[in-house]
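K.L.:
With chain A held as given, fit chain B onto it using these hints.
There are 2 protein chains.
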Amino acid sequence: MIPNHVMKELSTKNDAKIVLLVMDGVGGLPIDGKTELETANTPNLDNLAAQSSCGLTNPISPGITPGSGPAHLSLFGYDPLGYEIGRGVLEALGLGIDLGDNDLAARANFASMDAQGRITDRRAGRIPTEMNLEICQLLRQNITKIEDVEVKIQSGMEHRFVVVFTGEGLSGPLSESDPQQVGLEPLEIKPLVEGAKKAARIVNQFVQQVKSVLQDKQPANMCLMRGLAKSPNIPSMHELFKLTPAAIATYPMYNGLAKLVGMEILSTGSELSDQVETMRKNWDNNDFFFVHVKKTDSYGEDGNFAAKVKKIEETDAILPDILALNPDVVVVTSDHSTPAVLKNHSWHPNPFMIHSKYCLNDQALAFNEHQCMRGCLGTIPAYEAIPLMLANAFKLKKFGA
Amino acid sequence: MIPNHVMKELSTKNDAKIVLLVMDGVGGLPIDGKTELETANTPNLDNLAAQSSCGLTNPISPGITPGSGPAHLSLFGYDPLGYEIGRGVLEALGLGIDLGDNDLAARANFASMDAQGRITDRRAGRIPTEMNLEICQLLRQNITKIEDVEVKIQSGMEHRFVVVFTGEGLSGPLSESDPQQVGLEPLEIKPLVEGAKKAARIVNQFVQQVKSVLQDKQPANMCLMRGLAKSPNIPSMHELFKLTPAAIATYPMYNGLAKLVGMEILSTGSELSDQVETMRKNWDNNDFFFVHVKKTDSYGEDGNFAAKVKKIEETDAILPDILALNPDVVVVTSDHSTPAVLKNHSWHPNPFMIHSKYCLNDQALAFNEHQCMRGCLGTIPAYEAIPLMLANAFKLKKFGA
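Chains as they are written, first to last, in this note's numbering: chain A, 6 to 406; chain B, 6 to 406.
The reader is advised that the hints may include incorrect statements.
[Stated by the list, open to error] No farther apart than 20 Å at their CA atoms in a straight line, the calculated lysine to aspartate or glutamate pairs in the EDC-like style are these: (1) B:LYS22 / B:GLU306; (2) B:LYS299 / B:GLU269; (3) A:LYS402 / B:GLU306; (4) A:LYS403 / B:GLU306; (5) A:LYS362 / B:ASP37; (6) A:LYS247 / A:GLU181; (7) A:LYS402 / B:GLU89; (8) A:LYS402 / B:ASP307; (9) A:LYS13 / B:GLU89.
[What the hints assert, rightly or not] Short derived list, chain A residues pointing at chain B, Cβ under 7 Å: (10) ASP367; (11) LEU370; (12) PRO392; (13) LYS403; (14) GLY405.
Worth flagging that the hints you see were computed from the coordinates, not collected in a lab. Glycine residues also receive a C-beta, built at the ideal position from the N, C-alpha and C atoms.
Bound conformation, chain A alone:
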């Protein structure tokens, strides 16, 4: 891919507007010969595809199924192998927690431990979320500071919670405390480099304090710490591409990912129409809008083919309102595929289309997997989408003389 310093040199600011509409997990696999996109009735998406350059994108590389973090990083123009977003960071983002330079985040599970200190259930029997809320409240009352490090605790679903340690000199990488099987004691957290010693010491003390506070709270009488990480230091989309980007997403994690690359987060309602209205209101303030549709992925993960089809049709119905804003460049794609038949993210490349006044149309006459295969872009890495968007918006200078 084009190195960051070259993109910095080539990118240039102008007033052109770019809309990146991400239908999360929209790529699918056939049931009765047709994928979710092929089953859906999508006259607006199909009409746009016929006037677009189409193709398929691989978020990472052929065969690699990505998580949401690297998949979005790639789509935002970053080398997804070059920046690691730790699991703890992603969980914190998902709970809407802002992470600063002094923050170390951990994904934690409540777990069950026997009298000998051996883990008997790594998920504490998946305690109800209400119990999680209660226990986290108890922990917050008892643990606020370890040495000079502040401790923040936030509940997730069932047995999951997030801990953020804030202080000077906290650094990873650290080993995890989860022994990965029952019958073993929790592992001591170890610094994996010299500079991570303080963080390891603090986290081990935290675990001991949790153990002490929860000693009579069976089945949740222990915690396991995983994915201890700091926010990756990612150059912003403004620094690299001279964009003033904004995110319009309904789920905290996607706003969190957008914030990692320096996007402004626009608060919006829960409906697609709210998201478009938010974009309309902010049209003059930003030149790049990342609009994230979550439910296509959720229904894919549920294996609910029909509901995913319906959500695609709802997105199709809102497309004319987006186009009515007269964006200079529109891209519609997904971050990764989530075929309902797999109930999971998959490695299949994403349908992709880019429309501008100066895109070359091709033989892809509808927006779906098989038509996009006929597109002129071929199958490209997702991180090449940003240079294409910038080019179509005349936001890139010529490379070399």
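P.N.:
Below, chain B alone, put in the same frame as chain A:
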């Protein structure tokens, strides 16, 4: 891409002849639904396409619009991000100046300066070329050597000229003296690395001498120095690919670029038929012929769709004469696209076809953007064209056992 040392190992010499016909900037965009290539009547190119493997090539990477330098480097089989051709070098090549290992080239502008030493016009009011010739002659009479460094000065068009400094120990990179806006004094040239100190000292002395010689020559009483660079050290096509290549181009810059990669420059007339005649005469001496058609790009830059179409048709008409030489491999493509509607180089990939006795034909039945999209090669980086040409000419050994 395949590393240079592997290409060196794999390439092997034989008598097969390769013709690379570059229609500069031929890729375009539609007016009334048809691109320049689609509008042109090109029975010979279309007939060849039907018997070729077709595709599209990206000179650098999707979305990146290249200058002529990196675009040709890529087409000649080199990593266009790996070798930088400085602006001064390209300007010198464009004026037909040969650059050796001891030469540092600069692109210079005549400029206007007020009594306080501030630049009032960075282009000296775009003085007529006749005045430029006169002033350069005056400079040549007064400045021939600075310390042990020889100075050569050559006029370009209007306010532009090129200076070549020849001597031991001259090296870049250097900063530029152009302050980029009026009202400011010219900047001192600074060495950007330790080894560039001598070059900076010499160029600064040159600027002072120019100032002194031109003090009563308003509006051209100063010069601004830009793009100071040495010729990049590029391994030759002979060294990498064991080719004995020749260039048949009508514009100095393209001969200059060809010389950078070690091609022999064959002098030729200004017509396409002259170029083919030159190739015929030299058929036994070389095994790779780079034939460069300039006007397709020039008319594209002028926004003259009809003239570009006509030039394509003229090139089509000459194709049978090329094929009559019975080359083993023929490639027709462009270095970059220059759609007449954009009046500029663009990021759109190039139509590409390769014909040999052993190429696989495909569903591309004519030579244009939309048909080449249907080709079996897909959309590939332009630097992959040389391995394809070598393979079709049986000039590449098997990789590995």
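K.L.:
Next, verify each hint and record whether it holds.
P.N.:
Taking the hints in turn, this is what the structure says about them:
1. A distance of roughly 33 Å separates the Cα atoms of LYS22 of chain B and GLU306 of chain B; the hinted pair therefore is violated under the 20 Å criterion.
2. Distance restraint check for LYS299 of chain B and GLU269 of chain B: the Cα-Cα separation of roughly 19 Å lies within the 20 Å cut-off, and the hinted pair is therefore satisfied.
3. Taking the CA atoms of LYS402 of chain A and GLU306 of chain B, the gap is about 16 Å. The hint holds against a cut of 20 Å.
4. A hinted pair counts as satisfied when its Cα atoms are at most 20 Å apart, and LYS403 of chain A with GLU306 of chain B qualifies at roughly 14 Å.
5. Between LYS362 of chain A and ASP37 of chain B the CA atoms are separated by roughly 13 Å; this keeps the pair inside 20 Å, and the hint holds.
6. A C-alpha spacing of about 39 Å is found between LYS247 of chain A and GLU181 of chain A, which places the hinted pair above 20 Å, so the restraint is violated.
7. For the proposed pair LYS402 of chain A and GLU89 of chain B, the alpha carbon gap of about 16 Å is at most 20 Å, so the pair holds.
8. Straight-line distance between C-alpha atoms of LYS402 of chain A and ASP307 of chain B comes to about 19 Å, which keeps the hinted pair within the 20 Å bound.
9. Between LYS13 of chain A and GLU89 of chain B the alpha-carbon distance is near 17 Å, which keeps this suggested pair within the 20 Å criterion.
10. Below 7 Å, beta-carbon pairs count as interface contacts, and ASP367 of chain A has one with chain B at about 6 Å; its hint therefore holds.
11. For LEU370 of chain A, the shortest C-beta to C-beta distance to chain B is roughly 13 Å, which exceeds 7 Å, and the interface hint is violated.
12. For PRO392 of chain A, the shortest C-beta to C-beta distance to chain B is roughly 3 Å, which falls under 7 Å, so the interface hint holds.
13. Checking LYS403 of chain A against chain B by beta carbon gives a least distance of about 5 Å; that is within 7 Å, so the hint holds.
14. A distance limit of 7 Å between C-beta atoms decides the matter here; for GLY405 of chain A the minimum to chain B is near 4 Å, and the interface restraint holds.
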